[in-house]
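> Heads up: the sequence lines are chains A and F, in that order.
Residues in the first sequence are numbered from 1 upward in steps of one, following my numbering.
Residues in the second sequence are numbered from 1001 upward in steps of one, following my numbering.
Please note that the accuracy of each hint is not assured.
Covered stretches of chain A (chain F as the covering partner; in silico rule of three or more C-beta atoms under 8 Å from a C-beta of chain F) [unchecked claim]:
id : segment
1  : 25–37
2  : 138–148
3  : 197–211
These aren't lab readings, by the way, just hints derived from the structure by calculation.
Yeah, the Cβ is synthetic: ideal placement off N, Cα and C, and Gly gets one too.
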Amino acid sequence: MIDGLQTWWLMPLVAGLLLAVSAGPLGSFVVWRRMAFFGDTLAHGALLGITFGVLTDLDPTLALVVGSASLALILLPLQLASRLSADTLLGIVSHGTLAIGLVALSLADGIRVDLMGYLFGDLLAINEGHVYWLLGSTAITLTLVLCFWNSLLAVTVSPELARIEGRPVMLLDLMLILLLAMTVALAMKVVGILLISALLIMPPAAAHALSKGPRQMAAIASVVGIMSVLFGMWASFRWDTPAGPSIVVTAMLLFIASLTFRRKR
Amino acid sequence: MNEQPILRANNLSLTFGQKKVLDQINLNIQPRQIITLIGPNGCGKSTLTKVLLGLVRPDAGKVIRSRQLRIGYMPQHLPLDQRMPLNVDEFLRLTRRSTRAAVDHWLERLNITSLKHQSVHDLSGGEWQRVLLARALLVEPELLVLDEPVQGVDVQGQLELYQLIPQLRDELGCAVLMISHDLHLVMSATDEVICLNGHVCCSGHPETVSADPAYLELFGRRLDDGIAYYTHHHDHEHCDHDHSNQSSTTGHHHHD
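Could you put the whole structure together from the sequences, leaning on the hints where they help?
Below you can see the structure in the form of structure tokens.
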């Protein structure tokens, strides 16, 4: 009885916290590289991954990660192309894939998919399997980001200088984008397709005012993310609000609080 | 100079859409040589630099660099995202294989030690330029490439920077490729000038090029403006000499 009680909130909580930890540094890179829209596109396209999973009977999480990663690979040249044209093209891919995903899901005969759960997150449906996935992805993300921190930062500050100095710019870009795709795919259950970018962008934006260096900003972003998950989930249980949006609302409030802090400084 | 050039460009051509940006460009950079690329806006200076650096592929032609050539590049602009908190020290430490000691050495050499812990977002144009130069020097370059190194720097700062460049060449034993739009600024600091306008209009010693008809055709009107900045002020005689050359169109090598 007590065991069962513990389990139902423990798995969602652990999942949320793991996500918050890896979203801190990843989200910081998203903010520095102005890739917010790119993250959105990955999230929207991930719905196609779900359809793919439903149709092929693959493990849904695996299908999501594979779908998201392939979309990231297709979009990689776009990210490197000129920002202006990439913007329009990303918009087309982003909303196009979302729409195709929705249409395809409705056509998949006899299969009932909890669409709301994918769009806005379904934290309570998270099971041990999801947590293992998130544990793996967080471990990989943190290890790679820490190992390649200087290179990733150098490429972010100036791809040109990094290339002239002989850094493997292409590989570093690829690594960051695949990590992002994996995280976005796994974040879907937690906050939902429509709010994933928020979880990537808001914590670093809030951390910006409080940090003196990039390392610090990434770390504080993780802390802000953890606080958002803790408080958002508490609020969700307390007032019976949806968990994903509650987490995002908390993150936004923390961002607004950080603005007043900046003014004081 | 009989040494092997550290960088050779053979017949570089590049077309953007309809426009021929680079047309059959040949160029050699010898060790310890200071070369200046000049030309009007849109003449292909920056594009040529990017091709030489390996950032842009030419449509035709080849860039041959000596093995493992270390290049230090000081870009004209380096926009930084405001949302990344970064101080000068952290920025410089991003240079590949840089050490704490090397960062301190170049900060001191360029007289910007006081900026070490300042945010890169709070620097003036001249200060940022020096930080970028420090970053290029941290590579311990065999070839130092400076794209419009004095942009946004006041006159005093420009003179200092141009005095610094030959000194840096001697300290590091590196070659220098400078990009400039004004020959008179760089005249005293450079060994060879290449005047570019899609193709190489003329090249040679700065005194030679400044009198070359192809150069004068491109820069004729700006010549008088330039004199005010020139380190060694022209006397009247010299000035006349310049003007007389403007009308006579022979006597200097000119490949078109």
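> Hint compliance check: list the failing hint numbers for this structure, sorted ascending.
2
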